[in-house]
Amino acid sequence: MSGDRLKIILSLTSPLLIIITLFFGGIFYGLLQSLGYQPAIQKYDINFDAYYNVMFSERYAKLFWTGLGLNLWVSFVSTFLAAAFALFGALAIRKTFFAKTFCNFIYSLNLPMPHLVVAIGMIFVFSQSGLLARMSSQVGLIGSPSDFPILVKDKYGLGIILTYVWKESAFFFIILMSVLQSLGENFEELAQSLGANKWQRFRYVILPLIMPSLFSASIIVFAFSFGAYEVPALLGISYPQMLPVMAFEFFLNPDLNARSEGMALSIIIAMIVMILVIIYFWLIQSKIRKN
Amino acid sequence: MNTNLKKINIYAIYLGAFILILPLIAFFINAFSFRWFYPQLVPKELSLQAWVRLKLIPKIDNRSFDNFLELWLSNPTIIKALLNSLTIGLIVTIASIIIALPAARVLGLLNFRFKKIIIFIMISPTILPPIAFVLGLNINFISLGLSGSFFGVCLVHLVPIMPYVVLTMTGIFANYNPDFEHQARTLGANKFKTFYLITLPAIAPGMVVAALFAFLVSWSQYLLTFLIGAGKIMTLPLLVFSTASSGNPALTAALSIVFIFPTILILFFASKFVTGDSSAKYGLGKL
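Keeping their order, the protein sequence lines are chains A and B. Numbering of the first sequence is given in the working numbering, commencing with residue 1 and proceeding in unit increments. Numbering of the second sequence is given in the working numbering, commencing with residue 1001 and proceeding in unit increments.
There may be inaccurate statements among the hints.
To be verified - With a straight-line Cα cutoff of 30 angstroms, these simulated BS3-like cross-link-like pairs (lysine-lysine) come out:
1) Lys95(A) to Lys1007(B)
2) Lys1007(B) to Lys198(A)
3) Lys7(A) to Lys1191(B)
4) Lys1080(B) to Lys1059(B)
5) Lys100(A) to Lys1007(B)
6) Lys198(A) to Lys290(A)
7) Lys7(A) to Lys1007(B)
8) Lys287(A) to Lys1115(B)
9) Lys100(A) to Lys1006(B)
10) Lys1116(B) to Lys290(A)
11) Lys153(A) to Lys1044(B)
12) Lys1006(B) to Lys95(A)
13) Lys1115(B) to Lys290(A)
14) Lys1116(B) to Lys287(A)
15) Lys1116(B) to Lys7(A)
16) Lys198(A) to Lys1006(B)
17) Lys7(A) to Lys1115(B)
To be verified - What follows is a set of in silico ranges between Cβ atoms, one per label pair, in the way DEER data are often shown:
18) Ser1245(B) to Phe80(A): 23 to 33 angstroms
19) Phe1261(B) to Met135(A): 18 to 28 angstroms
20) Ile275(A) to Tyr1014(B): 34 to 44 angstroms
21) Tyr1014(B) to Pro208(A): 21 to 31 angstroms
22) Lys62(A) to Thr1003(B): 52 to 62 angstroms
Just so you know, these hints were derived from the structure itself, not from any lab. Just so it is clear, CB atoms sit at the ideal spot from N, CA and C, and this is done for glycine as well.
Please model the complete structure; the sequences and the hints are all you need to start from.
This is the structure:
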């Protein structure tokens, strides 16, 4: 038995070491710096000034709260829309038809695409001189580019949302397809033979069965879109600004005092994600207990 | 009535596919056109100018094999970035598989105390955003002299990759029967031969998927490379980002095509493996 124990310890050491030193070490050091501990500029006292400054000071409060609002709005809307789009796609495609393999491929095409590229694609398609604007002008819907609505680099984060919908719907699609395939059609056929119509079969048979996977995938997408940097950096504007971009700009500020604020922001982002994940697990647990 | 509904259904699928593929169409038009002005839907002139300016293709009058070779060997930024991305991706993929293999075996086959906590620690980077750890880590890396180094960038890429590889391979080992190894050993095979002939073939399909996606995560990493590379390590995503910010659509499109080409290849190969209901596919959300 002790040989086993040694084997376990030896096997787990290196990956754990990487995660603990680099990941948790990084978070811990960021936390220290956010609390004002900055040996680089001879600051050793611990305080909550940076958090206060970011959230309540006259200079940053407006930027922070609008940013938080934008973050929540973008993450919720894009998670919901991506899931809905993928659900429609998966339900429509799962039944065999002659181009099934091809459509399967197209619908999962965005999965391996880097977010950066999808964001650039949104500029090409949705900007005021983009593909869609040109199409509308060809059919006579609009005249000059300025007639086309501002969909990227806009204040509602629409371009960012579009990017996440494009990209994450492929992720939802793959998850849903594999769940639907493993379910088979027995449940539905049973429900149909008992007289359930199409909507009832979806609402009372399919939806409860796919809900757990849909939920887990949603939490991953939500957490990702809440903390990701590239997409809002490329498609966002300076006000309102999403929190990860704001944190990064604080951090790159030549004024070393702003570093603490950047760290505080990144810790706040991580805390919000963590709280949401905990709420999620708590919901799941209570649901399991109820059943 | 029912056939009509089915037809509408199929048209909706095609419409969805068309919408999904629009950005790709835009990439190709932008990359191969010259002065594609609004409101033209199709460009009037096709051109390879963007590719010439990226120094992937020689100027029009001297496109011989030697000129191609000479151009590429002159080490333009794009080739440098491509090579950096490839090398970092390969190193990180191989390293992560080697590090994860014993851990995944233990986690998949054995039960022990603290197993749940260890798994929780291991997968935490998949939930918390990279910006939460990389800002703090950056300052540590500067003081350790790892900032701006190739090694430092490889090291930091391991953080988002490790959980995914460990998780995928744990899943493989959960369905793996180690008794075959005992049989091989009693029949006289040494440790290396047992691994090579028994273990490896059994875990190979899952390992390929883990490796492909590990490579993808490294390949598309922007923030971590930017911060830890400190401007000294240029990879493709960094080049794409800076070109996109500077706003030349043709160059951006051509670069993006170079950037996404391997990812589509990987999807093509991996789609054969990524079927069935495995928990590992949730790692894909991190890409």
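Numbers of the earlier hints that this structure fails to satisfy, in rising order
7
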